[in-house]
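**Q** Sequence:
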Amino acid sequence: MVDTISHDVLIIGSGLAGLRAAIAAAATDKNLSIGVISKVQVMRSHSVSAEGGTAAVLYEEEGDNQESHIYDTVKGSDFLADQDVAERLVRNMPFEVYQLDHWGMPWSRRKDGRIAQRKFGGYSFPRATFAQDKVGFYEMQTLYDTCLKHGNIHFYNEWFCTSILRDSAFQGITAIEIKTGNFTIFKAPAGIICTGGAGRIYSFSTYAFSSTPDGIDMAFRAGLAMKDMEFVQFHPTGIMPSGILITEGARGEGGYLINSKGERFMTKYAPGKMELAPRDVVSRSMIREIQEGRGFKHETGFDCLKLDLTHLGDERIKEVLAGIREIGIKFSGVDIIDEPIEVRPVCHYMMGGIHANIDGATELPGLWTAGEAACNSTHGANRLGANSTSECIVWGRITGELAAQYASARKSKSIEISQAQVADEEKRIYDGLFRGSGSVNPYQVRKELTDTMDDKAYVFRNEEGLSSALKKVRELKAAMWKHVDDKAKEYNTNFVNVMETDSMLRTAEVVLVGALNRKESRGAHARTDYPNRDDTNFLNHTLAYHTPDGPRMAWHPVTFTRYAPVERKY
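Residue numbering for the sequence shown follows the UniProt record's numbering, beginning at 1 and increasing consecutively.
A few of these clues could be false.
To be verified - Taking lysine to any residue and the SDA-like style, the derived pairs with C-alpha atoms no more than 20 angstroms apart in a straight line are: (1) K119 x M43; (2) K477 x L433; (3) K187 x N65.
As the list claims (entries may be wrong) - What follows is a set of in silico ranges between Cβ atoms, one per label pair, in the way DEER data are often shown: (4) P271 x E60: 37 to 43 angstroms; (5) V566 x N462: 22 to 28 angstroms; (6) N462 x Y98: 16 to 22 angstroms; (7) A564 x K519: 32 to 38 angstroms; (8) P271 x K318: 45 to 51 angstroms; (9) T300 x D145: 22 to 28 angstroms; (10) E67 x P557: 48 to 54 angstroms; (11) K447 x K411: 43 to 49 angstroms; (12) D338 x T4: 40 to 46 angstroms; (13) P565 x R110: 33 to 39 angstroms; (14) E315 x E60: 52 to 58 angstroms; (15) E67 x K268: 26 to 32 angstroms; (16) H556 x K471: 26 to 32 angstroms.
These are computed hints drawn from the structure, not numbers from a lab.
Keep in mind that this is a model prediction, so the values were computed, not measured.
We put the beta carbon where it would ideally sit given N, CA and C, even for glycine.
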């Protein structure tokens, strides 16, 4: 008999979106029981790695305004953002910045004591609200401390969620407690998926190794659409050779990108914004510089460029970029006070995710999604830096409140879990994976997958490369690799890694099929064989639905409220 744990609201994932959702749900109805389930310890969630800022309009009296933030977001998205969603983000964020402040968030301050903001790429005004270069860590600590003040929030650390249980509505999930290996049912009328992005489907990536698409894939297998997955953001400044992020705040503070001739090459590509053009523009410019022979050769053999911060001076660097300096010294052997650091565009964010509406509601009643796991179309084809932590916080609150209201209305109704669904899931993960057999090493499969994505679905793509990558991914899916050599029940990380790889393969396939279908260049999706944006044929969101033979693709309209598409120039 499978053990069952019951709550009123289940939150899967404990990053910024998950913790903000938990606080909102707990505050909406203090009689509800909120369960937060996390694959890692809460403060190990990848949100702690966010460095540069959280976007909000705080100083309208100094010239900034919300309409400008909305337009910058829509233009930055290459006009694929749903404009009503972008507006909701902008209207809600000032409140959230001050709410975090009241909960104890140690925002960096101006000399007059007011909250400080720095420049970020694609914005018309400085609106990246920051806390040194550790904004995610401080936001997470603030939210976690606030969660602990609510007696109705219950944390389940180190549980691996495997499937969604459903009839015509959400009923709960199945999960494995990593510590014991026990397979368990979590039952609830309402759920929120906040499991983050899929960035570990690439080798050169800013993501934690735990950032695999388990939650996204769980929704996909439950029949929900994945939206706009072909849009993968490559951050311009991944440190060589690890891929660890050098925050955009480094350029916001005045850092220069230079090529092997010592030139600030962004003068050629975005003279109005220079290094603070949107990330897709800067990353493409960097790769062009490398392709045209003006890059540096890193000791690993990869080409790169350099980020120069030396002119900022040691006092300013120690004040606002201390974490970046430490990363440079530890992981690259470079002190940014004294010399430029080697960087290259690196996988950093998935604009796509689980298809959701403006409220974060999925196609399954009772289930919401927030943060990077979600695609409510805030970011369209390209996200502006500092809008992601904002999105997590805004839709964490929205989905937490809505899920709590939904659960409160259904408190008296019992949930009858389908034992057939539970049995099918047990069979999938234990017979199909844990007790599977095969001669192919699953870790080798994982490396071949991520290296293939690096090589064929990077900043620039084309039909030949994407087709060969899709062929390779499908070969890896079909190979007899689904087996776990470690047969221990407790803390079986081999089992966890094999389950992660299973979800990574399906998700990578969706990214590649979406990229092949989108025969245009828009935002972060740049095809050398279709170099222009094509609003006539592709001004739509991509939807992918799971079938045994691979994703079934469909289109979904973009919401326009006031801004017609124009050519993006910076």
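**Q** None of the hints should be skipped; say for each whether it holds.
**A** Against the structure, the hints come out as follows:
1. Annotation: proposed proximity of K119 to M43 is violated, straight-line Cα distance about 28 angstroms (limit 20 angstroms).
2. Note on K477 and L433: the hinted pairing holds, with a Cα-Cα distance of about 13 angstroms set against a maximum of 20 angstroms.
3. Annotation: proposed proximity of K187 to N65 is violated, straight-line Cα distance about 44 angstroms (limit 20 angstroms).
4. Against the hinted window of 37 to 43 angstroms, the Cβ-Cβ separation of P271 and E60 comes to about 28 angstroms, which falls outside the hint.
5. For V566 paired with N462, a C-beta distance near 26 angstroms keeps the hint of 22 to 28 angstroms intact.
6. Checked against the hint of 16 to 22 angstroms, the pair N462 and Y98 fails, with Cβ atoms roughly 47 angstroms apart.
7. A hinted range of 32 to 38 angstroms is violated for the C-beta pair A564 and K519, which are about 22 angstroms apart.
8. Distance hint check: the CB atoms of P271 and K318 are about 32 angstroms apart, inconsistent with the given range 45 to 51 angstroms.
9. Under the hint 22 to 28 angstroms, the C-beta atoms of T300 and D145, about 41 angstroms apart, miss the expected range.
10. Take E67 and P557: their Cβ atoms lie about 23 angstroms apart, and the range 48 to 54 angstroms is violated.
11. Roughly 48 angstroms separates the CB atoms of K447 and K411, a value that falls within the hinted 43 to 49 angstroms.
12. Evaluation of the 40 to 46 angstroms hint for D338 and T4 yields a failure: the beta carbon distance comes to about 59 angstroms.
13. Between P565 and R110 the beta carbons are some 37 angstroms apart, a value that agrees with the proposed interval 33 to 39 angstroms.
14. At roughly 31 angstroms, the beta carbons of E315 and E60 sit outside the given window of 52 to 58 angstroms.
15. Our hint of 26 to 32 angstroms for E67 and K268 holds, since their Cβ atoms are close to 31 angstroms apart.
16. Judged by the Cβ atoms, the range 26 to 32 angstroms given for H556 and K471 holds: they are separated by roughly 27 angstroms.
The structure fails hints 1, 3, 4, 6, 7, 8, 9, 10, 12, 14 (numbered hints given earlier, in ascending order).
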